[in-house]
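Residue numbering for the sequence shown follows UniProt numbering, beginning at 1 and increasing consecutively.
FYI, nobody ran anything at the bench for these hints, they're computed from the structure.
Using N, Cα and C, we set each Cβ at its ideal position, and we do this for glycine too.
Any given hint could be a false lead.
[To be verified] Simulated pairs of lysine-lysine, PhoX-like, Cα-Cα distance not exceeding 25 Å:
(1) 213 / 187
(2) 213 / 39
(3) 362 / 327
(4) 362 / 136
(5) 408 / 691
(6) 187 / 430
(7) 213 / 136
(8) 465 / 362
(9) 615 / 517
(10) 201 / 362
(11) 187 / 201
(12) 327 / 340
(13) 362 / 39
(14) 362 / 615
(15) 213 / 201
(16) 421 / 408
(17) 327 / 517
(18) 691 / 615
(19) 430 / 517
(20) 136 / 39
(21) 465 / 615
(22) 187 / 39
(23) 362 / 421
[What the hints assert, rightly or not] Ranges of calculated distance between the beta carbons of each label pair, as one might list FRET restraints:
(24) 638 / 753: 49 to 55 Å
(25) 417 / 756: 34 to 40 Å
(26) 210 / 464: 54 to 60 Å
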Amino acid sequence: MTKSAADPSAALTAQDSLVLASMASPVERDLVMAWLDQKRTADAEANFEVLALPERDAPPTALSALVERLESEVGEDRSIVPVRVFWLPPADRGRAAKLAGLLPGRDPYHPSPRQQRQIVRSDPQRARVVAGEPAKIAELRQQWRETTVGQGEHDFAQFVTRRAILALERAEYRILGPQYKSPRLVKPEILASARFRAGLKRIPGATVEEAGKMLDELATGWSRVSVDLVGVLGRALSRGFDPDIDYDEYQVAAMRTALDNHPAVLLFSHRSYIDGAVVPVAMQENRLPPVHVFAGINLSFGVMGPLLRRSGVIFIRRNIGEDPLYKYVLREFVGYIVEKRFNLSWSIEGTRSRTGKMLPPKLGLLSYVADAYLDGRSQDILLQPVSIGFDQLHETAEYAAYARGGEKTPEGVVWLYNFIKAQGERNYGKIYVRFPEAVSMRQYLGPPHGPLAHDQDAKRLALQKMSFEVAWRILRATPVTATGLVCALLLTTRGAALTLGQLHHTLQDSLDYLQRKQTPMSASALRLRTRDGVRAAVDALSNGHPITRVDGGREPVWRIAPEHEHAAAFYRNSLIHAFLETSIVELALACARRAEGNRVEAFWTQAMRLRDLLKFDFYFADSATFRNNIAEEMGWHDNWEAHVSAGGDEIDAMLFAKRPLMCHAMLRVFFEAYGIVADVLRDAPAGVGSKELTELALGVGRQYVAQTRVRSSESVSTLLFATARQVADDQDLIGPGPDLAQRRVAFRRELRDILHDFDHVERIAREQFIAREVEARRERLHSQIR
Numbered sequence: 001m002t003k004s005a006a007d008p009s010a011a012l013t014a015q016d017s018l019v020l021a022s023m024a025s026p027v028e029r030d031l032v033m034a035w036l037d038q039k040r041t042a043d044a045e046a047n048f049e050v051l052a053l054p055e056r057d058a059p060p061t062a063l064s065a066l067v068e069r070l071e072s073e074v075g076e077d078r079s080i081v082p083v084r085v086f087w088l089p090p091a092d093r094g095r096a097a098k099l100a101g102l103l104p105g106r107d108p109y110h111p112s113p114r115q116q117r118q119i120v121r122s123d124p125q126r127a128r129v130v131a132g133e134p135a136k137i138a139e140l141r142q143q144w145r146e147t148t149v150g151q152g153e154h155d156f157a158q159f160v161t162r163r164a165i166l167a168l169e170r171a172e173y174r175i176l177g178p179q180y181k182s183p184r185l186v187k188p189e190i191l192a193s194a195r196f197r198a199g200l201k202r203i204p205g206a207t208v209e210e211a212g213k214m215l216d217e218l219a220t221g222w223s224r225v226s227v228d229l230v231g232v233l234g235r236a237l238s239r240g241f242d243p244d245i246d247y248d249e250y251q252v253a254a255m256r257t258a259l260d261n262h263p264a265v266l267l268f269s270h271r272s273y274i275d276g277a278v279v280p281v282a283m284q285e286n287r288l289p290p291v292h293v294f295a296g297i298n299l300s301f302g303v304m305g306p307l308l309r310r311s312g313v314i315f316i317r318r319n320i321g322e323d324p325l326y327k328y329v330l331r332e333f334v335g336y337i338v339e340k341r342f343n344l345s346w347s348i349e350g351t352r353s354r355t356g357k358m359l360p361p362k363l364g365l366l367s368y369v370a371d372a373y374l375d376g377r378s379q380d381i382l383l384q385p386v387s388i389g390f391d392q393l394h395e396t397a398e399y400a401a402y403a404r405g406g407e408k409t410p411e412g413v414v415w416l417y418n419f420i421k422a423q424g425e426r427n428y429g430k431i432y433v434r435f436p437e438a439v440s441m442r443q444y445l446g447p448p449h450g451p452l453a454h455d456q457d458a459k460r461l462a463l464q465k466m467s468f469e470v471a472w473r474i475l476r477a478t479p480v481t482a483t484g485l486v487c488a489l490l491l492t493t494r495g496a497a498l499t500l501g502q503l504h505h506t507l508q509d510s511l512d513y514l515q516r517k518q519t520p521m522s523a524s525a526l527r528l529r530t531r532d533g534v535r536a537a538v539d540a541l542s543n544g545h546p547i548t549r550v551d552g553g554r555e556p557v558w559r560i561a562p563e564h565e566h567a568a569a570f571y572r573n574s575l576i577h578a579f580l581e582t583s584i585v586e587l588a589l590a591c592a593r594r595a596e597g598n599r600v601e602a603f604w605t606q607a608m609r610l611r612d613l614l615k616f617d618f619y620f621a622d623s624a625t626f627r628n629n630i631a632e633e634m635g636w637h638d639n640w641e642a643h644v645s646a647g648g649d650e651i652d653a654m655l656f657a658k659r660p661l662m663c664h665a666m667l668r669v670f671f672e673a674y675g676i677v678a679d680v681l682r683d684a685p686a687g688v689g690s691k692e693l694t695e696l697a698l699g700v701g702r703q704y705v706a707q708t709r710v711r712s713s714e715s716v717s718t719l720l721f722a723t724a725r726q727v728a729d730d731q732d733l734i735g736p737g738p739d740l741a742q743r744r745v746a747f748r749r750e751l752r753d754i755l756h757d758f759d760h761v762e763r764i765a766r767e768q769f770i771a772r773e774v775e776a777r778r779e780r781l782h783s784q785i786r
């Protein structure tokens, strides 16, 4: 209730107290009375009275006794001390017993009277009387008047009851651990709030009843049984993965310290439906406070809705732009959760990335958290980045179908059954969870009640910078996997198969680069240093997942078939961020080679232009930092500006010496997609719609694949065409305007020049490959001679 005593039960011997005891059964009554007798024995002069604690939704008639005590002549100095029996589950429960807790009458935290008697006889340590933090009546009355709309003594009694229940909840989660902490009484607390009622009056037609229904829809909480089951249920959804999630223990320790001081919003990368289950599992396994995960209300179907609500999921409506009451209720709900120092979580991208690369951050929910902070409901709120990665996902088949123009499968019971079934069909490797350093909201928004509280434009700009920083930290913490590296390599061969030796020696340049840049790598990626590690990686991806192994010859070879290119691209895209700037360096060098005049200036101009064209697909550092990073990338070649100025063969020699050459592996498909859209725009009408443009691009793209005018079907993707349209719109090529046709032609020509640069770099990469092959044969021959 308030922290007026270090030991709540000490209040019974220190002053006059009213004990509000929850005694739902004769067994509980006997236990509470025995506990009180011990207190009386310890201090014969103690003066306290016992009264039954009303239920949380008790009607006014059930509050009469409490109202009478609160108005008694004893005075406002009297302390209220809540007490109840806390039932602990057996210490050695297995998975079956935890699942049984879901059944009626089997909840170990709420045993039946018969079970209570059995526990007291056979295992009395499981029955523990707990006392919540005491508070004086005067303190409670002042809080009530300052924060609620209550007028009469019955309203005050309800307020005292809520505070007593909450105090008991806090006492119990101290026993169980922080992973059991969960908000209680959210709806009555919010509806009774004077702040909430004042805001409600400003919304035309809004009623308390309608707001209450919306709060019921948002209602969530971790039941203790659900906390016990989170590992079991999370493992069911993540069947097929290694049961041990891969963590960075130093990051976990740092996050634990941070969460002790401030509430947090855990913002995770989102590539699978599994992500929402992984975050709670990760928190529980590391004994961290639970999170309350936002999810679309489309996932609240069948028994899943009630089950997930008891497992910390908050279901929100998808389209709320035209509903001011719902937006207000959601905003206040978020503010309440933050103020009470509970942790929230959602995908920073807002939806699953079906391409494998991170999507731009969404600011909707984050703006509500910022409002709560600026309103002074917390002195700081931490935005905790969470990177979730996978060796493999079965959902890539769905993403590939969607990229080719298919429809999203609607969620439902049948969908859930098929999802869980697919998870058990094979081994998907490991799940990687990383918690990079949190971002302070105070650092970006200034102090509570500061200038940004009244400047919406400045607040939005600060939110954008803050969210991009979170996403940037997620990317930098995401470990590169063997799956991504192998798929990236095989996608460059245009369907040609490679031997184990070719795979092994070609991958070494990429590993050297990642090690030099101190990029995080998974254990499977580090094992690619050995032939056995490469063999394990391709075997795990074989049989069309998405690599095909071809046997029957002198030795096995591996390739990516055309029908699996989209799935392989998903894994490749997950690591492009690690090679993005070095790929831009290669294209800028190729551009400088064909430039006339100042080639160094042409290099820098093209590097910045490529950054601008790719800004809808990838995250970049700010312009100054990006330029510094490019200069650092060029540090691999001594006196590079002089060699660039010389042009021609000098630049070719620079490219041949560069290890690795990655632009064709990482970026070509994006520019091919841009080029297809630019080609369609040649004769498309001004203001062409997104759907029409995508359909036209799909048709032209399939034609170009058949004619081999683009390298692979991977470029023909509704997902890539969506950002290609954003690029065209940013270049002012969609809407009507002067010289539109000429500008569209010029843009198409620019993209063709860039694709020619890809061709040039790829030719040099093939020369590197052949040189390595010759060297490898020579080494094998020498070893045979020796």
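Handout entry: Holds or violated: residue 615 to residue 517, with C-alpha atoms at most 25 Å apart
Key = holds (22 Å)
Problem - Given hint residue 39 paired with residue 187 - CA-CA distance at most 25 Å - result: Violated, at about 36 Å.
Practice task
Just tell me: holds or violated, for the beta carbon distance of residue 210 and residue 464 against 54 to 60 Å?
Solution key: Between residue 210 and residue 464, where Cβ atoms are some 33 Å apart, the hint is violated.
Practice task
Starting from residue 327, check that the Cα of residue 340 is at most 25 Å away, please.
Solution key: With a Cα-Cα distance of about 20 Å, the restraint between residue 327 and residue 340 holds, given a limit of 25 Å.
Handout entry: Given pair status - residue 430, residue 187, alpha carbons within 25 Å
Key = Roughly 40 Å between the alpha carbons, so the hint for residue 187 and residue 430 is violated.
Exercise for the section: Below or equal to 25 Å on CA atoms is what counts here, so check residue 408 against residue 691. Expected result: Satisfied, since the Cα-Cα distance of roughly 15 Å is no more than 25 Å.
Practice task
Sort out whether residue 615 lies within 25 Å of residue 362, counting only the CA atoms.
Solution key: holds (16 Å)
Problem - Holds or violated: residue 362 to residue 327, with C-alpha atoms at most 25 Å apart - result: holds (16 Å)
Practice task
Quickly compare the C-alpha distance for residue 213 and residue 39 to 25 Å and report which way the hint goes.
Solution key: Given pair residue 213, residue 39 is violated - Cα atoms ~44 Å apart, limit 25 Å.
Practice task
Decide if the proposed pair is consistent with the structure: residue 421 and residue 408, CA atoms, cutoff 25 Å inclusive.
Solution key: The hint holds at about 18 Å.
Problem - Hint consistency between residue 327 and residue 517 [alpha-carbon to alpha-carbon, up to 25 Å] - result: violated (45 Å)
Practice task
Below or equal to 25 Å on CA atoms is what counts here, so check residue 201 against residue 362.
Solution key: violated (29 Å)
Checked against the numbered hints given earlier, this structure breaks hints 2, 4, 6, 7, 10, 13, 17, 22, 23, 24, 25 and 26; the rest are met.
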